[in-house]
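Peer 1: As given, the protein sequences belong to chains W and Z, one line each in that order. Counting from 106, one number per residue, gives the positions in the first sequence under the numbering used here. Counting from 5, one number per residue, gives the positions in the second sequence under the numbering used here.
Simulated from the structure, these hints should not be mistaken for laboratory data. Warning: the hint list may mix true and false statements.
Said to hold, decoys possible - Calculated cross-link-like contacts (lysine-lysine; reagent style PhoX-like; alpha-carbon spacing at most 25 Å):
(1) Z:K112 x W:K143
(2) Z:K107 x W:K141
(3) W:K127 x Z:K107
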Amino acid sequence: DTEVTQTPKHLVMGMTNKKSLKCEQHMGHRAMYWYKQKAKKPPELMFVYSYEKLSINESVPSRFSPECPNSSLLNLHLHALQPEDSALYLCASSPSAFHYEQYFGPGTRLTVT
Amino acid sequence: AQSVTQLDSQVPVFEEAPVELRCNYSSSVSVYLFWYVQYPNQGLQLLLKYLSGSTLVKGINGFEAEFNKSQTSFHLRKPSVHISDTAEYFCAVSMNSGGSNYKLTFGKGTLLTVNP
Numbered sequence: 106d107t108e109v110t111q112t113p114k115h116l117v118m119g120m121t122n123k124k125s126l127k128c129e130q131h132m133g134h135r136a137m138y139w140y141k142q143k144a145k146k147p148p149e150l151m152f153v154y155s156y157e158k159l160s161i162n163e164s165v166p167s168r169f170s171p172e173c174p175n176s177s178l179l180n181l182h183l184h185a186l187q188p189e190d191s192a193l194y195l196c197a198s199s200p201s202a203f204h205y206e207q208y209f210g211p212g213t214r215l216t217v218t
Numbered sequence: 005a006q007s008v009t010q011l012d013s014q015v016p017v018f019e020e021a022p023v024e025l026r027c028n029y030s031s032s033v034s035v036y037l038f039w040y041v042q043y044p045n046q047g048l049q050l051l052l053k054y055l056s057g058s059t060l061v062k063g064i065n066g067f068e069a070e071f072n073k074s075q076t077s078f079h080l081r082k083p084s085v086h087i088s089d090t091a092e093y094f095c096a097v098s099m100n101s102g103g104s105n106y107k108l109t110f111g112k113g114t115l116l117t118v119n120p
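This is chain Z alone, in the form it adopts within the complex (with noise of 0.2 Å):
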């Protein structure tokens, strides 16, 4: 079975500070990750994906993150925060369920709050 863990669930930084959301996950095959971003009352945004190639991923917003496999994680980092930054980040997985169907497993996600 397939899982991930956000090791964080509330990530308080001053503004202009660096942060790191991390990420780890758990599968036997072959993984594909996706971090997405979710602003009070909106839907989710798609932030970066690493599906093969450069373990390196630039997404929106100056996020990138860096996928390791010897460590299982994903985690997402910005070397400055801004205020508008606050939101829900979400980690997901993508696994195939059976058949043809791809499904996204989520992390619990991780509220970051960017203060003043």
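So here's chain W without its partners, still in its complex pose (with noise of 0.2 Å):
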């Protein structure tokens, strides 16, 4: 398996909401990443989980909340957004972060209104 996946594949929230995007995967990476991606642009860096502990946050805002609760999932909790956070959220999988290459999962697209 070979696959990376994401929940939901569309979100539509309003600014007040609490919603949480899921990440999953089954290829024993131990490395998870985050990325924002809006339209016409290439996808921008959030966070990175190496082996379940948080390793890198691109100074996120805090409305946007990681947890990586085993080494297959990833999900990203959001409360209290902008409409400017509106975009593609892409997960991605490395074997380690030490590894060079990530593959990306079909991205949840987030509509916030």
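Using the hints, put the two standalone chains together into the complex.
Peer 2: Next up, the structure:
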């Protein structure tokens, strides 16, 4: 299985809502990543987890809260988002944080109203 | 600091024509280079990678790329494109971000549009 899955595919939420994005991989990878991608732009790194521990936070606002419950799962908890947070959120994994290449999921299209 | 420059933001071509998407990088250390493709409303798919060894790298869907250290380039080529190759293509460099973490730095992307 060489797949990274993400749920939901689409999410619409109000600025006062709390929601979560989920990412799962069964490749035995020990590093997982969250990226944000705005339209017609490259992905921007948000967080890196290595062996279930947060190793990189790219100065992301606290309204985004990552969680790695186990080596296969990565969540992104959302609270009090702004309309400018609307974007495609991509999850990726790699064998380890020392590894060069990353495998991406299909993304969650988030719209904040 | 490491950076990636994709020289063309859009490349329109006709079906069955050859195509080259250009990528230049800047780095003072060893680099690991990648091309990713993103079809509309989808995630990124790895097309090919250069880690070491042969400078000509073959990937999926008939694409290939050549690593040129002296010109700091990693251009993507395909001899004959199909309508289904229409997508956004990202060149990326993997760099050590300090400690033991590697981070991907992406170029701004090139939109390849294949016309009938």
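Peer 1: Hint by hint, say whether it matches the structure.
Peer 2: Comparing the hints with the structure gives:
no.	hint	in the structure
1	Z:K112 x W:K143	holds (12 Å)
2	Z:K107 x W:K141	holds (14 Å)
3	W:K127 x Z:K107	holds (22 Å)
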